[in-house]
Amino acid sequence: MGAILELQGVSMSFGGLKAVDGLSFDVNEGEIVSIIGPNGSGKTTTFNVISGLYEPDAGDILLKGESVAGLRPDQVHDKGISRTFQSLRLFTNMSVLENVLVGMHSITNAGVIASMLRLPSVRREEKRMYDKAQELLGMFPGRFSGPRQSQPAYSLSYANRRRLEIARALASDPALLLLDEPVAGMNPAESHEVMEQIKMLREKGYTILMIEHDMHVVEGVSDRVIAMDHGVKIAEGSYDEVANDPQVVEAYLGKRAAADATA
Amino acid sequence: MRLAEITGAIQTAAGRVPRGVYAVIGFAIAAVFPLLNVAGVVETAWLRVGVVSLLFVMLSLGLNIVMGETGLLNLGYIAFFAFGAYTTALLSSPKFELQWPFLAVVVLSTLIAMVAGFVIGLPTLRLRGDYLAIVTLAFGEIVRLTIVNLQGLTNGPNGITGIYPPRLLGAEALEAAGSSGAAAWLVVDKPIEYYYLVLACVIVTSVLLSNLKNSRVGRAWNALREDELAAVATGITASRAKLLSVVLSAGIAGFAGSLFAYYSNVISPESFLFMQSVIVVCMVVLGGMGSIPGVIIGAIVLQALPQIIRQAAGAARSDFEVYRMLIFGILIVVMVIFRPEGLLPDKLWRREAREVDPRELEKTRQSLFDLEEGEKDLEV
Ligand SMILES: Nc1ncnc2c1ncn2[C@@H]1O[C@H](COP(=O)(O)OP(=O)(O)OP(=O)(O)O)[C@@H](O)[C@H]1O
Ligand SMILES: [Mg+2]
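Those protein sequence lines, which keep their order, are chains A and B. First residue of the first sequence: 1, per our numbering; consecutive thereafter. First residue of the second sequence: 1, per our numbering; consecutive thereafter.
Only chain B is shown next, with the shape it has when bound in the complex (with noise of 0.2 Å):
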């Protein structure tokens, strides 16, 4: 057997297996990881890794929802993410003596987070491409600067620090009660803890995100970035469908934003920097843009991969982080290149990407054929 066919056969056989099955097999992987810390055999620094990772995963799969399904593009998407976490700190630490319930922090940060897409969103609606990208990108530093200055609520550059854990549904009632050793049970502040909080978090999300892809709103998104002209004409009113899916976006940021200022502890305007929006992007592009495995797969690629490299190159290169910035670039020009749809591309944008695809013009002859056959069929 040539090596084309072998991998063709393997290819058609990959296709087969349900888009289901990889997906839980891919979360039991995550799921299962932990327990080799608990084991002993890995670090709990790579746990740490895992739990920024799925953060990442969460921001990419809500730039996701503009970049690859609506086709706006965001390059100041961090913001949104820089809201969540600040409502967080402000609501859940000693900065103004509050500590307000878990499920309530994370509820308003994600509501704040949406609220600023909303602003954000409606005067854009009219634009796209490279002025969309220049007023996105201004739109992001302006909260960050606003952060920086605005000392009374933020504490400017020294950040919010002391950030409680969160406590989860009961840990109250408990404690009330009496049973402060159950009550610890609940409340989230080893790495472990917050690696199956996130973890959890990410799979819901992907699971309600990847049954909105396939809906009646997920088609519309998709035709508007197709011709908007055809689909407004097609009853699809632009303007609401655009703002939805931007506010839907920043939400899942801010809903990231206020796991990240939990985990973190303390937060600053660093966390919310350009080039961390620059970083999301790419791990949209990456790993495919308008596919929900592509983007998982993307952020960890580019937010653990680093880490690994880090970790053979040894601690003392203390200059890494300029060459992961060097390697970034490098690797989305090679991919832009060589593999634009993506690592694991969706298939309008693999479409997109190919004027003809190989293996949907084989489909497409094998489908002529058994058509053939069954039209030979009737005949006889």
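This is chain A alone, in the form it adopts within the complex (with noise of 0.2 Å):
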């Protein structure tokens, strides 16, 4: 199994500061890998700079061997990067359906004039839509069922918008998932709801990065587990690996507690 994602020295700062400095690290076919590290370590943004919505300094980000570094958002997402966003970023007047549907975008051909005249191929499209949305929501049973299709996303639970996230970034088939604190601001039993629902992901082949500082949901999820602080990469491997590091274990607490922790 190949790497899907390669970041070769990838570095991004605002203005002095370097929020990511020189990562390098893989993702393979198939792999759940997670990002933790403390507040501020750079994490949304290398996941910024990966989707496009940024330009890297220096660095590269190869997507199947090919670069994707400095390509426009929509052009990074058509090649197969899809995510979703740590604050939570819907289309909030829209309906639950509507939502998935747009995430379609990119896997959908229908033109402006064809969509006017609602030609028959446009109507067999949006047929197939609505029944991939139907399988999409489904994947959240219970949650997005009937009339709480046609419900403004605004009117959702904190934690069904985070599902809905989810769903529409599945919503074009990518080749990569990027998960930016999916759990963030959910209950333990949605957490872990949500955590089933990832390793199912994965069952379905799907190549998952994701950003969790949920420490259940990455011991349970991660293949493989990379640790960052100050836009650097400090460490890399297995959940306990990575966990019981000297240096993550310093981030996280502080020098004299890693210290006191290690004693």
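Please keep in mind that the hints were generated in silico from the structure rather than gathered at the bench. All the given hints hold, so there is nothing to weed out.
Far from chain B, some chain A residues (derived; all Cβ distances over 10 Å):
#1 Gly22
#2 Leu62
#3 Glu203
#4 Tyr252
Chain B stretches covered by chain A per the calculated footprint, using a threshold of three residues with CB under 8 Å from any CB of chain A:
#5 205-218
#6 230-239
Ideal placement from N, C-alpha and C gives every residue a C-beta, glycine not left out.
From these two lone chains plus the hints, build me the complex, please.
Below, the structure written as structure tokens:
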């Protein structure tokens, strides 16, 4: 199984602040890789660079061996990288169903004239999109059933918004799914449920790169864990290796506490 | 029954009727209206009011694409109307002694307006809000001042006169065959003929646009309006989608402008003042941004109502124009305070304008109730 995503010495600064500093790692096909690290360590910035929202100052990003660094976000998305947002960016006034349909934009092709005339090809495509949306929303049993699909996204609970973001990101059949803190703000039962769903996605063959603070979830789903601090990768390996790495403990707890912990 | 219950019942009953039914009823009323003139009940002047109102309906439908769907303000929209009108005037008047076929003229007028849309759309793609308002306003004024000063082409402030009436497909053939009586049927030159021509165009346009609204393209526009960053991260090419909406809306204005030039016979820069752009914006806002039935109603109310009031006030009030703008202003302020989503709002904008929509809340409660009931059934 080859690497789907390769980061090669990627750097990104905001003015004087190096948010990501010479970061390199791979994500292999069918893998779930988690990025952990204290607040402000550059995890979301890494996602923003990968998904084309920022252009890296240095380094390269390869998707299936092809460089995607410097492409526009919609181009990166077309190449097969889809993402969710830590801060939740649904189309809040649009319905649950419409949010998922928008997610299929890049894999559908009805044009303006065909859509105006509602040609048979357009109707067929709409029908296919609708069926696919049912399948995606059906991944979360009981959450988006029947009438709830026509509710506006803003009327959803926090946990359901996170679920809907995942469904929208999956709608384009991405080669790589980036999840930015998928269980943030959920209670333990809810985050356990989402964890099971992420495992299910792996069964279905998705490749996932995930940022997560919830160590229970990280431990539960990750094939590999990458720890970041101050924009730099400080550890990489299995969950146990990374969780017990002295540098990681230090990054989370501070030097003194780390010394106490090992003492 | 209390009043609230009665209005509630009416609303639920009205909600059950499919929207298409209202559209058919509305267009049927519009189609029957000229017959009142034929029967001698209303004066021909009212037919003229009808034609102009329908032209403004067309403009509002076009502006609604950028304002309502994509969320881009345009304060110079009337410039595209001018492009269409002047293209038509030049190709079908004694000015250059041209009389191109109607279809060719309308298509070319639409295309020229679309090119103008592309030219102004491209450099303004990154602008939003106030900046976009200023740039489009300036564009509208530049176009108007160019028309005023480009005397050789446009006759400046005097305008272009004697625009030939449209000759529909087949008129030439019939004339050549020697049956000028039959050919006269295909020449549009009476108000009632214009009325039906423009009405047909409005109906076709609104059907096409409502199809577009509920399609992949329309949803992409809405997504851009809701959250541009999320939209591009979801694979929507912002520049292309925005440009498409600007060009399409410009084309509709150009199309309307072409019909306007034919209808009014004479055009001059006075028809394309900044105030006209503002009026079309008001029509869209009043009717309900993003809502096709809404903007149709908005255009009719703002165009026809003043005429009705003028009639009631007596034709002697020549200062009526002044009051008209005053009434517009007050109306818009009242709307923005009490019903910001417009007269017949689109669901997206209703949600935008009201934190919690009582109707939706009720529906949610109902659907949750249904779900619970359903689950109970399963347990049993
Ligand atoms: N747009 C921006 N402009 C300036 N500085 C930024 C910007 N985005 C992020 N930063 C800074 O870059 C650093 C890394 O931020 P980032 O959001 O990547 O952290 P994170 O690891 O995702 O943290 P968290 O766990 O809190 O989400 C922080 O110091 C942050 O303040
Ligand atoms: Mg973050």
